[in-house]
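Participant: The primary structure of each chain is shown beneath.
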Amino acid sequence: MIDKRIGSPAAAVADIFDGATVLIGGFGEAGSPIELIHALIDQGAGNLTVVNNNTGSGHVGLAALIENGQVAKMICSYPRTTNSKVFPELYRSGKIELELVPQGTLAERIRAGGAGIPAFYTATSVGTPLAEGKEIRAFGGREYVMEYGLRADFALIKAQCADRHGNLTYNKTARNFAPIMAMAAKTTIVQASSIVELGEIDPEVVVTPGIFVNRVVLVANPAQESRLVAEGRTYP
Amino acid sequence: MIDKRIGSPAAAVADIFDGATVLIGGFGEAGSPIELIHALIDQGAGNLTVVNNNTGSGHVGLAALIENGQVAKMICSYPRTTNSKVFPELYRSGKIELELVPQGTLAERIRAGGAGIPAFYTATSVGTPLAEGKEIRAFGGREYVMEYGLRADFALIKAQCADRHGNLTYNKTARNFAPIMAMAAKTTIVQASSIVELGEIDPEVVVTPGIFVNRVVLVANPAQESRLVAEGRTYP
Amino acid sequence: MTMTAKKEKAPGWSREEMAARAALDIPGGSYVNLGIGIPEMVARYVPEGREVIYHTENGLLGMGPPPAPGCEDPELINAGKKAVTAIPGASFFHHADSFAMIRGEHIDICVLGAMQVSEKGDLANWSTGAPDAIPAVGGAMDLVAGVPTIYVITQHCTAEGEPKLVESCTYPLTGQGVVSRIYSDLAVIDLTPEGFEVAELAPGVDFDYVQQRTGCKLRKGNGLD
Amino acid sequence: MTMTAKKEKAPGWSREEMAARAALDIPGGSYVNLGIGIPEMVARYVPEGREVIYHTENGLLGMGPPPAPGCEDPELINAGKKAVTAIPGASFFHHADSFAMIRGEHIDICVLGAMQVSEKGDLANWSTGAPDAIPAVGGAMDLVAGVPTIYVITQHCTAEGEPKLVESCTYPLTGQGVVSRIYSDLAVIDLTPEGFEVAELAPGVDFDYVQQRTGCKLRKGNGLD
Chain A
37 MIDKRIGSPA AAVADIFDGA TVLIGGFGEA GSPIELIHAL IDQGAGNLTV
87 VNNNTGSGHV GLAALIENGQ VAKMICSYPR TTNSKVFPEL YRSGKIELEL
137 VPQGTLAERI RAGGAGIPAF YTATSVGTPL AEGKEIRAFG GREYVMEYGL
187 RADFALIKAQ CADRHGNLTY NKTARNFAPI MAMAAKTTIV QASSIVELGE
237 IDPEVVVTPG IFVNRVVLVA NPAQESRLVA EGRTYP
Chain B
37 MIDKRIGSPA AAVADIFDGA TVLIGGFGEA GSPIELIHAL IDQGAGNLTV
87 VNNNTGSGHV GLAALIENGQ VAKMICSYPR TTNSKVFPEL YRSGKIELEL
137 VPQGTLAERI RAGGAGIPAF YTATSVGTPL AEGKEIRAFG GREYVMEYGL
187 RADFALIKAQ CADRHGNLTY NKTARNFAPI MAMAAKTTIV QASSIVELGE
237 IDPEVVVTPG IFVNRVVLVA NPAQESRLVA EGRTYP
Chain C
8 MTMTAKKEKA PGWSREEMAA RAALDIPGGS YVNLGIGIPE MVARYVPEGR
58 EVIYHTENGL LGMGPPPAPG CEDPELINAG KKAVTAIPGA SFFHHADSFA
108 MIRGEHIDIC VLGAMQVSEK GDLANWSTGA PDAIPAVGGA MDLVAGVPTI
158 YVITQHCTAE GEPKLVESCT YPLTGQGVVS RIYSDLAVID LTPEGFEVAE
208 LAPGVDFDYV QQRTGCKLRK GNGLD
Chain D
8 MTMTAKKEKA PGWSREEMAA RAALDIPGGS YVNLGIGIPE MVARYVPEGR
58 EVIYHTENGL LGMGPPPAPG CEDPELINAG KKAVTAIPGA SFFHHADSFA
108 MIRGEHIDIC VLGAMQVSEK GDLANWSTGA PDAIPAVGGA MDLVAGVPTI
158 YVITQHCTAE GEPKLVESCT YPLTGQGVVS RIYSDLAVID LTPEGFEVAE
208 LAPGVDFDYV QQRTGCKLRK GNGLD
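Taken in sequence, the protein lines are chains A, B, C and D.
All letters in the first sequence, in the order written, are residues 37 to 272 by the numbering used here.
All letters in the second sequence, in the order written, are residues 37 to 272 by the numbering used here.
All letters in the third sequence, in the order written, are residues 8 to 232 by the numbering used here.
All letters in the fourth sequence, in the order written, are residues 8 to 232 by the numbering used here.
With the rest of the complex left out, here is chain A:
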């Protein structure tokens, strides 16, 4: 029987290795798999390359993973937000590397990685510093920059509802990067707010088909990052 359910966040992230590339879902706190991130902090893998749109807030979740010194490099589009202190300090002191990618190019690179497209062209960033050193090519009289597909060892994402095959649905704008990150990782690890019987998710409304998912762990009442930040919480 195919059963991708796994008992705990700790078990779900146990094999993430030093030096791994890890896609982490979420746009700010929406869709951030905070319990999986905290399990990764407990687990301790280091020298990670992490892909996320941002760099976390306060001292929990992604910010705590960075603060804990586990991240060697961030690939993201917007590494600062109101409550983002951890990354800016490490970045200014040269202790963390940053690859800044326009948000749509980041999304398309992840989708391309998952879809077996090694490279594609986009008009985004042409004529800006972010296109420097990249190949520029004209199609139909307009210039485009070549960007590479992005694949990863692991993806950590948050879903609303899952089944044992790994079929997923999401909640509102918490969907964001999760479906494409699920496609682009060798091992996709999901925390789901509910797990239902096979067949309970209508095949028409599955957003991420189970083929893109390796492990599903139930986190029935996920923490809300902004609340933890407001309370001044830290992790670990």
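Worth double-checking, as some hints may not be accurate.
Part of the chain A face toward chain D, derived, beta carbon under 8 Å [stated by the list, open to error]:
| no. | residue |
| --- | --- |
| 1 | 38 |
| 2 | 199 |
| 3 | 203 |
| 4 | 219 |
| 5 | 235 |
| 6 | 240 |
| 7 | 242 |
| 8 | 245 |
| 9 | 246 |
| 10 | 247 |
Computed list of lysine to any residue pairs in SDA-like fashion (alpha-carbon distance at most 25 Å, straight line) [said to hold, decoys possible]:
| no. | chain 1 | residue 1 | chain 2 | residue 2 |
| --- | --- | --- | --- | --- |
| 11 | A | 170 | C | 183 |
| 12 | C | 88 | A | 256 |
| 13 | A | 109 | A | 184 |
| 14 | A | 222 | A | 108 |
| 15 | B | 170 | D | 141 |
| 16 | D | 127 | D | 215 |
| 17 | B | 109 | B | 57 |
| 18 | B | 170 | A | 155 |
| 19 | D | 89 | B | 266 |
| 20 | A | 121 | C | 138 |
| 21 | A | 170 | A | 136 |
| 22 | D | 127 | B | 169 |
| 23 | A | 109 | C | 142 |
| 24 | B | 170 | A | 182 |
| 25 | A | 131 | C | 138 |
In short, the hints are calculated from the structure, not lab data.
Where a beta carbon is used, it is the ideal one built from N, C-alpha and C, also for glycine.
Since the structure of chain A is already known, use the hints to place chains B, C and D on it.
Facilitator: For chains B, C and D alone, kept in the frame of chain A given last:
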């Protein structure tokens, strides 16, 4: 008020012009917008380039459009099926042009066109006659062929359910090419089996957001192509 | 529209008036993406009878106004990470689909803020290029590359009185030749092949006043004497 | 498994036996795409206790067996355009997502038919290259390029007795160096860096019998004396 509903298939296709490129949804009969195709036959635009996975069956729908002499060129992956007689005859007599594209490359070219990607690389067809004359490039030690995004003047597709904003859902494997064709056309024309009030389609289950749709016409009881073929029907 | 009592009200449009003026130029039926800050306020001023659909690049088409206090959903936010609502007819989708809407030229109009706009229509709005700044670009480069019509709402000058409309941007670019029209506190200014052209002046502001606060030569549009 | 009475049954596996033999090599938990013809029959022979998920490239993961007569839905079909069913846990998606599964190496195994397979693992299964043939490729090139493990089920020789396993394909290729294993009516044959290697012989068939019907040199695998 945004209201994309239009009264009849004839009104929906009235402005398709001679020489237009037209994406037509469907994989065989599943998802084929047969009433829109028949309206296009009545309308009479010629010298069309038509993109569809196949070339139709019998003497109705897409096959009838071809038989009526309106199609100068087909772009497709599989131009022959059991009941496909029209295209093969015209092709052998040199009266219609064929651009044969692997099915996944065809889908990706349409998706790229709709997503503003002018070109991308794929391993599909490398080392085969379908890669001849195309640019080959190695990434990570493997060879890939460059393929171009495909955009069109019109798309004709079939949906299950629509609203006045053009939000769409589909039925089972009739979904196939429709969502990506809707993205890739300047004007996307939809025949929907039902039209509901705004808000009746759950925002989580919308497959094609209305931004990709220009016109929606209600065809409550669409004809079933295989039944028409079995009955020996012809159009017009 | 209240001003501090400490200093005399400067001539020109308030933030709200700039947003309202921009809203006039958005036709009914448009698909629109609004940047963070003053651009967000445009949604409040859509003229009666026009239906406009707002896109937020984090995966929502049909964004509605902010929720009532206490009704915020941390999983229903906009690109500025503020709580929003979804209108009837809304849809959720993932980031690649969202930026397909942008890059594929499906969004009709985008309204953005600016640090600098050059007379060639170049926009700089993501980085001062300062060595200690944390660079952060978000979706700005995708929006200016993919959306056919880019409107800018901006104060005409910086807080230090430096012109933001310039011959050439000194800050790193967001995109080249992308801006169509600027709504500043002093004027509505079009980008034309010949550079900046003043289409409309704010009440109490004359052409010379705007020219003095602009880093390059302005032309008068047809609407001006 | 009935044969015409007119001629003696040739030695080797029947179509059903070939499909059943291939099914043995598909691990539980695999995501599998089955080509049209004998490959489709593989689904009938999955060993007890294994759960295998079938993908059909026209937009369904979790394809089930054909429906009962009279229950066919023309909008629920497989890549061969035949009516199928969807199992609990199935999902529908569009063509670009479906081929993302294929091209992105998410499908584990694909079982296809063949016109020719070369000892380098090249596959030809879409065109005879005849000048009057209507070329039609479908998803075959995407499958062989994107799926890590390609199995071929084929009669060892053509109806005319010509070998299908050859030194070099004379028909236009579907893909280069893509085939992992062949299930013919006579043998199970692996593709190795040294060419074809016979892993298993059908009952009543010996190595020389297979060699005589093959267009290039075969090697004996470890399992054979």
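Participant: Against the structure, test the hints numbered earlier, and report the numbers of the ones violated in rising order.
Facilitator: none
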